[in-house]
Amino acid sequence: GTPLEHTYVGATVLATSESDVASLKQSLIDKGYIAQSAEDLMGFLFQFINVLMGVLIGFGALAVLTSVFGIINTQYISVLERTQQIGLMKALGMRGNSVSRLFQFEAAWIGFLGGAVGAALAAVLGWVLNPIITEALGLSEGTYLLIFEPIAIAIMIVVLVIIAMLAGWFPARKAAKLDPIEALRTE
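Under my numbering, the residues of the sequence shown are numbered 844 to 1030, in order.
One or more hints might be untrue.
Derived DEER-like restraints, expressed as beta-carbon distance ranges [claimed, not checked]: (1) Leu956 x Glu992: 18 to 28 Å; (2) Asp863 x Ser983: 25 to 35 Å; (3) Asp873 x Val911: 51 to 61 Å.
Don't read these hints as lab results, they were simulated from the structure.
A virtual CB, placed ideally from N, CA and C, is assigned to each residue, including glycine.
Taking the hints into account, I'd like the entire structure generated from these sequences.
Here is the structure:
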């Protein structure tokens, strides 16, 4: 056969104790081999997971930013479509603060529904993907990478409601400042 047929791609060397790992690794490197310990591989794996988490956090931040603009746009359109109703409410004695609170409540409701639906979809997706990932990575049964903490999900939904209320503040302010007579005249 050819020399290529008798070449090994890799070999596993077991150290007798944990203290021998570094010296064994160095002796293999001195002989011209590339040596990696289990600790090196774990470091690489954790680095990969940290990069992956950073990418996911970036996508999450982009999704939150997009949803903020979506809520602002939706609320502005709602104010424009309901200008006559707002004018009627104000003409009948509803204060600007009450109109503003109405639109902020709607924005909070949008944030709550978006967060609840998103959390439910993520939990279902995690429930489906966890066994697949566990099997693909050869992890032991019951080891899951996608973990959902109820407290973290509740905090996330509360934060989304607050963000939605802040996003709805500008349209709510516009609705509160509408002149009732001008609002009733709009078509």
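Outcome of the hint check:
no. : hint                        : verdict
1   : Leu956 x Glu992: 18 to 28 Å : holds, 21 Å
2   : Asp863 x Ser983: 25 to 35 Å : holds, 27 Å
3   : Asp873 x Val911: 51 to 61 Å : holds, 57 Å
Of the numbered hints given earlier, the model fails none.
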